[in-house]
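Enquirer: Chain C: place on chain B using the hints.
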Amino acid sequence: MNLHEEMRVVVAHLDPEPGRIAAQARATGHRRRRRTQTVGVLAAVAVLGGLATTQVGGGRTRAVDPAGRTTDDTTTQTPTTDSAPSPASRATGGHLTVRALRGAIEEVSAGSFSDFRGQDVGDELYGELTFAPSDGLGAGTVGVNVQPGSILDGDAFACTEWMVDCSVRTLPGGERLRTYQDVDTAAGGQRWVAERLTRDRSLRVVAAALNGFDLPANEFDVRREAPVLTKDQLVAVVTQDVWSLPMPDGPTADAPGYTELP
Amino acid sequence: MPSDEFEEFVAATSQRLLGTAVLLCGDHHLAQDLVQTTYTKVFTSWRRVRGADNPVAYARAILLKTYLSHQRRRSSSESPVEVVPDAAGVGPDTTVRMDLLTALGELSQQDRAVLVLRYWEDLSVGETSRALGITDVACRSRTSLALARLRTHFPDLEDLR
Chain B
1 MNLHEEMRVV VAHLDPEPGR IAAQARATGH RRRRRTQTVG VLAAVAVLGG LATTQVGGGR
61 TRAVDPAGRT TDDTTTQTPT TDSAPSPASR ATGGHLTVRA LRGAIEEVSA GSFSDFRGQD
121 VGDELYGELT FAPSDGLGAG TVGVNVQPGS ILDGDAFACT EWMVDCSVRT LPGGERLRTY
181 QDVDTAAGGQ RWVAERLTRD RSLRVVAAAL NGFDLPANEF DVRREAPVLT KDQLVAVVTQ
241 DVWSLPMPDG PTADAPGYTE LP
Chain C
1 MPSDEFEEFV AATSQRLLGT AVLLCGDHHL AQDLVQTTYT KVFTSWRRVR GADNPVAYAR
61 AILLKTYLSH QRRRSSSESP VEVVPDAAGV GPDTTVRMDL LTALGELSQQ DRAVLVLRYW
121 EDLSVGETSR ALGITDVACR SRTSLALARL RTHFPDLEDL R
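Protein chains in written order, with our numbering: chain B, 1 to 262; chain C, 1 to 161.
This is chain B alone, in the form it adopts within the complex (with noise of 0.2 Å):
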């Protein structure tokens, strides 16, 4: 079966009808336009009477943006601790979640870390950085997603042929882990993954080092010959007992110069 084809097929008698739909958004397009003017006046009034308002720029308001991205941009070799955040500068999920990782990799492996960077979309959180371990062998990422485990309602929890050196096994307390290497890889890229979920399957951490970086187009940028963490090692960071959803606040080790991603 190819996807491709298939989804091809459930589109292929679709009538968008092209000139009832430009019609009508030119009638709700001008609509809104002539009421954000209004809204822009408006704003402008109260300004001008000395009430507080939101910034207005092109006739449309739009909404001051909270402050909460670091600005240290220096890469250190050996880990430090933040001071505590004042609320006004209170770390995102994705850089809790970055942070969180680089102290999870401490505890298993030393080398030194850059690029920090992290999203948050609600219930999600991601967080990756590049590490490149002691060994001098070369430098790659390694990513960390932090998800409900309702993300995997319907998976066996099993290993699929498309997983490389898979297996999957239950700890003493219940928890499920998963390993295998993903062949879905650009030439020449090796990305191993462990994958672990919670007994109650609230929680579902994944965490993966590549031998490098990808890049657009489907390419890979080869730093190594093998991931920068081994299959044991990511196993140790994924079962260690920082993650959570939402991620708590806390002595971390640092993310200088972290990035959130839009």
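If you're looking for bench data, these hints aren't it; they were derived computationally from the structure. Careful: at least some of the hints might be erroneous.
Here are some chain B residues pointing at chain C (derived, C-beta under 10 Å) [claimed, not checked]:
#, residue
1, Glu6
2, Ile21
3, Ala22
4, Glu128
5, Asn145
6, Ile151
7, Arg191
Nothing here was measured: the structure is a model prediction, and the numbers come from that model. Cβ atoms here follow ideal geometry from the backbone N, Cα and C, with glycine treated the same way.
Expert: Using the frame of chain B, we list chain C on its own:
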């Protein structure tokens, strides 16, 4: 604005955008609403869209953002949507069409979006990642997981890269 330029853009792009919307929403009527909302936003931003390097990609990005933001406001307990075939839209293999949409409907919104962008829009991992605002690693992880779930319904799904 030239009165027919926007209309020409809609005529040239609406078939594909509606297909994307149907695959995302799993429901023809929801997809039509999504497409209508998208083109209304395109119209109000027409100067910017028209001047973009890739106006089609710009419109698709608007559709995606609208879809994802709408889904977040819905209940977290997503359930597959039953497809009501349009009288004018019944094609040669309605069983396959309904099964695939149902299977896609069991995925999370982001996983659905990843598969639609990669295998319907034929975007690369990098293009898909940028369209959804996620990293390439996260995109690959989602792709692998979503395909694995589809394979529980379609075991003969081709080995996709």
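Enquirer: State for each hint whether it applies.
Expert: Hint by hint, here is what the structure shows:
no.: 1; hint: Glu6; in the structure: 5 Å, holds
no.: 2; hint: Ile21; in the structure: 5 Å, holds
no.: 3; hint: Ala22; in the structure: 4 Å, holds
no.: 4; hint: Glu128; in the structure: 6 Å, holds
no.: 5; hint: Asn145; in the structure: 6 Å, holds
no.: 6; hint: Ile151; in the structure: 6 Å, holds
no.: 7; hint: Arg191; in the structure: 7 Å, holds
In the structure shown, no violation is registered for any of the earlier numbered hints.
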